[in-house]
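**Q** Please put together the full structure from these sequences, using the hints given.
Numbered as in our numbering, the sequence shown ends at 216 without a single skipped number.
Everything labelled a hint here was simulated from the structure, so no lab data went into it.
Note that the Cβ used here is the ideal one computed from N, Cα and C, for glycine as well.
There's no promise every hint is true.
[Unchecked claim] Simulated pairs of lysine to aspartate or glutamate, DMTMM-like, Cα-Cα distance not exceeding 20 Å:
| hint | residue 1 | residue 2 |
| --- | --- | --- |
| 1 | K203 | E24 |
| 2 | K203 | E214 |
| 3 | K203 | D60 |
| 4 | K203 | E85 |
[What the hints assert, rightly or not] Distance windows between CB atoms, simulated:
| hint | residue 1 | residue 2 | range |
| --- | --- | --- | --- |
| 5 | D60 | I187 | 23 to 29 Å |
| 6 | A134 | S26 | 32 to 38 Å |
| 7 | E157 | A215 | 28 to 34 Å |
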Amino acid sequence: MSASRDDDTVTQILEVLARLTRSEFSARAPVDDGDGALPRIAAAVNHLAATLQESAAALDALTRRLEREVATRGMEIDALARANEQIARSNAAVRELSTPVIEVMDGVLVIPLIGAIDPERGEQLLERVLSAIARTGARVAIVDLTGVYEINAIVAEQLQRLLAAARLLGARTLLTGMTPAVARAMIELRLDLQAFAAESTLKSGLRRASAMIEAR
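**A** If you want it as structure tokens, here you go:
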């Protein structure tokens, strides 16, 4: 794949991630033939988008059905409780799917963060990434912030914890896709940026990760 075509693919992948943060689950990235990192990321992002689309449609249908039942005849307390549990499970599934961990090449994971990160999702992010590092023996974890529009104290704390825990498992954390606003927020929150390797784009991050793997 040529450099210009790589650039186009990365741009399209990032656009899909941005659209997913706006709940535009019909977005899809083009998937080129080949077994490189970018086709794997594009395929994984498309799978994420399709699953989110299906989950959102199912949740919407369930919500509308419950609203009709409540409006027409009401619901018994136990039935309502079961319905609420089902909605909670659906929300949990969507939450898990919105934190994908993609093995793009031997030793390298990509974690594209999408949307807001609350304490529960932050804990889930930490658990999923550390589990993937332990399972795959990854040496580099790329956390892509392209789909994150604001960084708060919760995100800063989770990134610091991820860095420390990944180091204990023998992996380095590489941040990509930071906007100027996110970078300023990290400084204001006193996040130790010197502890992280950073690249401006996902593409440059993949190149650096590959070089880091080859150097070991």
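**Q** Hints numbered earlier in the text: which of these fail when held up against the supplied structure?
**A** Hints 1, 3, 4, 5 not satisfied by this model.
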